[in-house]
Amino acid sequence: MKFEFHRRLSYSELRRSLPRRFHLQITKTEFHHDNIALIVFHQNKVILSNLVQRALASTDEVTEPHRIAAGYSFTIEAAQALIVRRFRILAERDSYWTDTRFKSLTAAIPNIWTLSPEDRHRRFVEEIQPTLDNLAAAICEASAREDDVLAESRREELLAFYHDTVGRGYWHPALTEAAADYTEDAVASVKLYRLALRQAHELGDDTQTILIWMAERLFESGKRDEAETCLRDGRAEAAAKNDDGSVRHADDIAREFSA
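So the numbering used here is basically just the index in the sequence shown, starting at one, shifted up by 98.
Just to be clear, a hint being listed does not mean it is correct.
Unchecked claim - Listed next, with one range per pair, are the computed distances between beta-carbon atoms:
#1 R330 <-> D246: 51 to 57 Å
#2 T125 <-> V285: 22 to 28 Å
#3 S356 <-> Q227: 33 to 39 Å
#4 Q151 <-> V285: 43 to 49 Å
#5 T157 <-> D331: 27 to 33 Å
#6 R152 <-> D331: 20 to 26 Å
#7 R330 <-> N142: 35 to 41 Å
No lab work stands behind these hints, which were simulated from the structure alone.
Backbone N, C-alpha and C fix where the C-beta goes; we use that ideal spot for every residue, glycine too.
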């Protein structure tokens with residue numbers, strides 16, 4: 099089921115029906131009446147306006163004074179459709195996507211769970227990497243212009259692209275590494291780097307860039323011993339593979355975080 103529509107809830111019923119990850123976004127003092135409408139969208143992906151319209155059309159006229167719609171992220175059109183019906187939106191991520199933009203970026207994502215390593219690499223190079231490169235370039239361009247708002251919106255686009263790709267059954271260590279690179283929270287970033295490392299080992303891919311970047315985030319998280327191990331191993335692999343850029347990066351990190 100892609101959504102659930104709950105009607106005429108009390109506040110306690112709202113808390114029971116609303117996924118726990120959204121609980122911090124509501125407080126009892128906001129609700130003056132125990133008469134709440136709630137739509138929960140269960141997809142761990144960007145929600146398009148057509149799904150919102152289906153949800154709104156699935157029930158009688160909404161008359162509750164308090165109206166909540168909760169989901170991972172909403173396109174601009176999806177959010178507008180809810181706002182005009184006086185729904186408050188609870189989202190895990192802000193979205194700057196339009197329906198058209200989201201569809202164009204995700205149209206080529208393979209909906210396949212099992213691929214050979216060769217097919218996985220081929221699909222990454224042909225279908226995923228061009229979009230990933232464009233999104234990363236847009237982030238860098240916005241940062242170079244010191245446009246923090248635009249840079250953040252482009253970063254959210256890249257992370258939404260990652261989550262949607264994974265949701266369709268495709269993974270690749272370079273995709274996961276890119277998501278880790280652009281995840282601001284150090285702890286969350288390290289989790290993604292760990293996943294990218296496991297994926298790289300499964301495919302027999304190089305791991306030096308994953309290890310070196312993960313070392314930097316581990317230093318930021320205060321995990322110095324593990325960070326030093328990752329940095330040492332990553333630098334050694336980079337040197338063995340004549341990856342001079344990664345060797346210099348490892349040395350820069352070592353100097354920055356030297357005791």
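Now the hints, each set against the structure:
Separation of R330 from D246 is about 35 Å and departs from the stated range, judged on CB atoms against 51 to 57 Å. A beta carbon spacing of about 26 Å between T125 and V285 agrees with the range 22 to 28 Å that was offered as a hint. One distance hint, 33 to 39 Å for the beta-carbon pair S356 and Q227, holds here, with the actual separation near 35 Å. Q151 and V285 have their C-beta atoms about 37 Å apart, which leaves the hinted 43 to 49 Å range violated.
Our hint of 27 to 33 Å for T157 and D331 is violated, since their Cβ atoms are close to 56 Å apart. Evaluation of the 20 to 26 Å hint for R152 and D331 yields a failure: the beta carbon distance comes to about 50 Å. Between R330 and N142 the beta carbon distance is about 36 Å. The supplied range of 35 to 41 Å therefore holds.
Of the hints listed earlier, those the structure fails to meet are numbers 1, 4, 5 and 6, in rising order.
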